[in-house]
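Novice: Listed here are the chains, written in short residue letters.
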Amino acid sequence: MTDADPVLTLRGITKCFGPLVANDGVSLTLARGEVLALLGENGAGKSTLMSILFGHYVADEGSIEVFGAPLPPGNPKAALAAGIGMVHQHFTLADNLTVLENVMLGSEPLSQPFTRRATARKRLLAVAGQFGLPVDPSARVGNLSVGERQRVEILKALYRGARILILDEPTAVLTPQESEALFATLGQMVAEGLSIIFISHKLGEVLRVSHRIAVLRGGRLVAESAAAGTTEAQLAEWMVGHAVATRARQPAQAVGEVVCALHDVHTAGSTRERLRGVSLELRAGEIVAVAGVSGNGQVALAELLSGLRVPSHGEALVFGEPVRGSAAGLAGRGVARIPEDRAGVGVVGDLPQWENAVAERIGSRWFSNAFGWVRRGAARAHAARVVQRFDVRGGGLDAPARALSGGNMQKLILGRALTPLEAHETEVPKLVVAHQPTWGLDIGAVDFVQQQLIAARDAGAAVLLISDDLDEVLGMGDRIAVMHAGQLTPAEPPEHWTRASIGLAMAGAAEAAPAEAAA
Amino acid sequence: MRLEKRPQVSHAALLLAPVAAVLFTLAVSGLLVLWAGAPVGRTYVLLAQGAFGSVFALTETLTRAVPLILTGLAAAVAFRAHLYNIGAEGQLYAGALAAVAVGGLHGGTGMEWSPYVLFPLMMLAAALAGALWLLGPALMKARLGVDEVVTTLLLNFVMLLLVSALLDGPMKDPTAMGWPQSVALQGDLELAKLVPQTRLHTGLLWALALAVLVWGLMARTVAGFRIRAVGANARAAAFAGVPVTRTVVLVALLSGGLAGLAGAIEVAGRTSYVTLDMSPGYGYSGIVIAMLAGLNPLGVVAAAIFVAGVLVGADSMSRAVGVPTYLADVIVATSLLAVLVAALFTQYRVRR
Chain P
1 MTDADPVLTL RGITKCFGPL VANDGVSLTL ARGEVLALLG ENGAGKSTLM
51 SILFGHYVAD EGSIEVFGAP LPPGNPKAAL AAGIGMVHQH FTLADNLTVL
101 ENVMLGSEPL SQPFTRRATA RKRLLAVAGQ FGLPVDPSAR VGNLSVGERQ
151 RVEILKALYR GARILILDEP TAVLTPQESE ALFATLGQMV AEGLSIIFIS
201 HKLGEVLRVS HRIAVLRGGR LVAESAAAGT TEAQLAEWMV GHAVATRARQ
251 PAQAVGEVVC ALHDVHTAGS TRERLRGVSL ELRAGEIVAV AGVSGNGQVA
301 LAELLSGLRV PSHGEALVFG EPVRGSAAGL AGRGVARIPE DRAGVGVVGD
351 LPQWENAVAE RIGSRWFSNA FGWVRRGAAR AHAARVVQRF DVRGGGLDAP
401 ARALSGGNMQ KLILGRALTP LEAHETEVPK LVVAHQPTWG LDIGAVDFVQ
451 QQLIAARDAG AAVLLISDDL DEVLGMGDRI AVMHAGQLTP AEPPEHWTRA
501 SIGLAMAGAA EAAPAEAAA
Chain Z
520 MRLEKRPQVS HAALLLAPVA AVLFTLAVSG LLVLWAGAPV GRTYVLLAQG
570 AFGSVFALTE TLTRAVPLIL TGLAAAVAFR AHLYNIGAEG QLYAGALAAV
620 AVGGLHGGTG MEWSPYVLFP LMMLAAALAG ALWLLGPALM KARLGVDEVV
670 TTLLLNFVML LLVSALLDGP MKDPTAMGWP QSVALQGDLE LAKLVPQTRL
720 HTGLLWALAL AVLVWGLMAR TVAGFRIRAV GANARAAAFA GVPVTRTVVL
770 VALLSGGLAG LAGAIEVAGR TSYVTLDMSP GYGYSGIVIA MLAGLNPLGV
820 VAAAIFVAGV LVGADSMSRA VGVPTYLADV IVATSLLAVL VAALFTQYRV
870 RR
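Protein sequences, first through last, are from chains P and Z. Under our numbering, think of the first position of the first sequence as 1, with each following residue one higher. Under our numbering, think of the first position of the second sequence as 520, with each following residue one higher.
Be a bit skeptical, because a hint or two may be false.
Said to hold, decoys possible - Simulated restraints on C-beta separations: (1) Z:G735 with P:V310: 46 to 52 Å; (2) P:G329 with Z:G735: 51 to 57 Å; (3) P:R123 with Z:F676: 42 to 48 Å; (4) P:D350 with Z:R838: 44 to 50 Å; (5) Z:Q866 with P:R389: 48 to 54 Å; (6) P:G325 with Z:A695: 31 to 37 Å; (7) Z:G841 with P:A403: 49 to 55 Å; (8) Z:L732 with P:A243: 39 to 45 Å; (9) Z:V860 with P:E65: 50 to 56 Å; (10) Z:L732 with P:A370: 14 to 20 Å; (11) Z:V869 with P:R123: 30 to 36 Å; (12) P:N75 with Z:A839: 53 to 59 Å.
Said to hold, decoys possible - Residues from chain P that face chain Z, not an exhaustive set, calculated with beta carbons under 10 Å: (13) T14; (14) F17; (15) W238; (16) E303; (17) S306; (18) G307; (19) L308; (20) V310; (21) S312; (22) A331; (23) V347; (24) L351; (25) G372; (26) G508.
No lab work stands behind these hints: they were computed from the structure. Only a predicted model underlies this, so the values are computations on that prediction, with no experimental measurement involved. Built from N, CA and C at the ideal position, the CB exists for glycine as well.
Please work from the sequences and hints to get the whole structure.
Specialist: Right under this line is the structure:
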């Protein structure tokens with residue numbers, strides 16, 4: 001179904017940032033009507049390659065041809081004019097404008113006195129009809145669901161005449177059902193003659209949606225293969241560089257007493273990000289995984305149990321005591337907290353690793369004396385243990401935490417939360433609150449983080465794992481609950497759920513209660 | 520052309536950056552000297568001699584450096600916590616007023632306390648007055664998100680008007696023949712001279728001790744960790760359990776207190792009474808000095824002596840070769856810009 005003539009040719013693209021080779025002689029072609037999946041771990045060079053294609057960076061070496069004509073480097077406007085459209089993972093829409101206004105924004109010359117709204121509207125509806133992307137042009141973007149916003153982003157690119165569409169991790173924010181709808185749209189678009197580059201690290205959907213798969217590792221193109229006949233295991237091996245053992249589910253052994261209990265908890269805040277009557281019990285020795293599309297109150301739930309928020313109504317008990325919005329208090333009582341935004345909230349990037357490693361406890365008597373003088377020896381010794389136990393690599397204790405890679409930064413945060421004091425080796429955390437702990441990490445680091453959470457559970461902690469990665473929820477949760485619009489379904493064992501029923505609950509379908517899904 | 524982050528910052532670059540900044544500053548200022556029609560080399564030699572060339576010059580420079588060290592510390596502490604205190608000038612006057620209120624006003628009213636009691640009281644009152652003058656803006660920033668740059672800056676003018684009102688009113692010295700100046704401090708509260716026959720007083724020792732203390736506080740204590748954490752990333756600091764509002768208040772008290780002490784030490788060491796022109800902008804110069812020092816409390820000492828040297832040296836240079844003393848302001852301002860740009864280039868490089 002693909003034509004022989006390539007619409008896009010990348011030849012020997014090389015880009016270095018200092019000693020780091022982000023792209024090393026990458027050559028790729030894209031045919032008309034083809035979906036090419038670009039697969040690779042974080043830091044494999046996918047983003048750099050696409051930024052070069054889109055003119056944000058200039059390659060040190062190599063050339064790009066679009067529809068047979070060379071593309072001038074470092075010029076995003078030329079890329080747009082050549083018919084390259086990009087849909088970013090984080091949308092670039094103005095919430096307070098309508099769909100039509102968003103699409104028109106920037107595509108009309110400033111020199112004309114009035115916008116040609118009627119013409120634009122007609123054209124938008126024509127494009128929408130052609131590619132099967134139904135949309136209401138006068139709807140306000142702020143009122144749309146995430147799936148609908150993504151549709152607007154795609155339409156925006158198509159409206160500007162994109163013939164080559166780059167989708168960056170498009171399913172990261174979608175429910176399984178929305179993802180299916182997106183895949184159907186992609187099918188229709190390639191049938192209309194568009195070409196698509198689909199960036200992802202999810203192996204299953206890559207196999208499902210693409211015709212050809214290109215795998216990047218360490219900046220190099222390590223494999224290129226037709227999707228048909230390739231297996232997930234093969235892809236994973238190409239991505240990581242060695243065979244990846246799949247880990248069997250490790251169910252909870254001994255579930256103990258209730259460690260944390262929420263009863264009808266509401267929080268104040270903006271409508272999208274607040275809790276509206278959440279009830280949940282966490283017991284020692286189990287992992288409760290909370291699925292859901294991000295932006296449905298997960299932040300509020302995580303912040304509540306991290307001591308950054310208090311309920312406006314209802315009761316939130318940790319170890320039998322109500323949470324009072326004290327981060328230091330919860331940390332001091334044995335709550336290990338792993339925030340979603342590791343670089344922005346997890347560490348203070350400008351401070352050295354060792355200070356970050358003891359940040360939660362620097363005021364305790366172990367690390368400072370009665371006059372507030374820091375016991376540097378003890379603090380650094382503890383930090384060294386954290387770094388050693390959790391295999392944090394990069395820079396050393398005195399290097400700023402900012403210099404760590406994502407995986408190592410997450411290891412430092414985990415280590416800070418989970419490493420007991422040397423003098424109290426048995427005082428392990430009794431509650432672990434992990435919000436998107438594996439987001440954006442490479443396969444090795446994901447496995448490490450998940451193993452640490454399992455180890456904490458087996459040592460007797462109650463673990464709350466909030467994630468929008470359905471595979472992680474299904475693979476880790478001893479019980480699973482789904483969050484939508486600030487409400488939480490009852491937490492039920494994985495056997496009670498199917499992917500479809502979780503997807504429905506993520507979309508807020510009331511009838512998707514786990515009991516019925518099991519029936 | 521674009522700036523690209525350097526993967527590694529070399530030590531050589533860190534050492535060379537200030538040297539390059541100084542050379543650049545001298546070159547740029549040299550153009551102005553040429554414009555004024557004076558020989559560049561001789562002008563700079565005279566400037567250096569005027570600042571450090573004799574015992575007298577050196578003591579004058581150090582005398583000038585004392586308030587600059589203290590306001591520099593005030594700015595450094597606050598800026599480290601991302602509390603942009605532009606109001607050290609007002610806090611300095613608040614401290615000076617408090618010092619005279621405790622150490623001078625009651626003269627002849629019968630309160631005859633020992634100077635050993637009165638002196639610490641005077642210093643404490645000055646620090647407290649400066650601290651309180653900054654507390655309002657700090658609380659408004661922490662609680663309501665009010666921009667402290669605006670509030671602290673505007674409070675400077677409120678303070679100047681207050682000083683003016685007091686100097687013509689309750690604090691007016693009846694023996695000053697109508698000059699707007701406050702009553703004088705009791706003689707036994709004045710700071711001793713460090714070098715006889717000069718103006719250099721023991722306030723220098725106070726300033727140096729405070730610089731070391733502030734350095735220890737920032738680098739070695741829990742409070743210092745909190746201040747640095749809140750300044751570098753308040754959200755991450757709050758997550759790790761740092762009480763952010765309390766830390767901001769602590770910083771305000773420290774910063775305002777240091778500026779207040781600058782006022783008290785100027786009064787006790789040099790002027791012995793408050794006038795409306797006792798500070799030629801020490802509070803604002805403190806900001807420049809803190810930035811020159813990279814917010815390092817020990818660096819503040821060096822930066823303050825540098826700035827004081829340029830200011831004092833320019834006076835005698837000006838008399839000798841006829842280049843206006845404004846050259847000093849140009850040198851200080853250019854050096855600040857040069858240091859900031861040099862610091863940028865240690866972290867980034869230019870790519871086509």
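Novice: Output the numbers, in ascending order, of every earlier hint that fails for this structure.
Specialist: 1, 2, 3, 5, 6, 8, 9, 11, 13, 15, 20, 21 and 26
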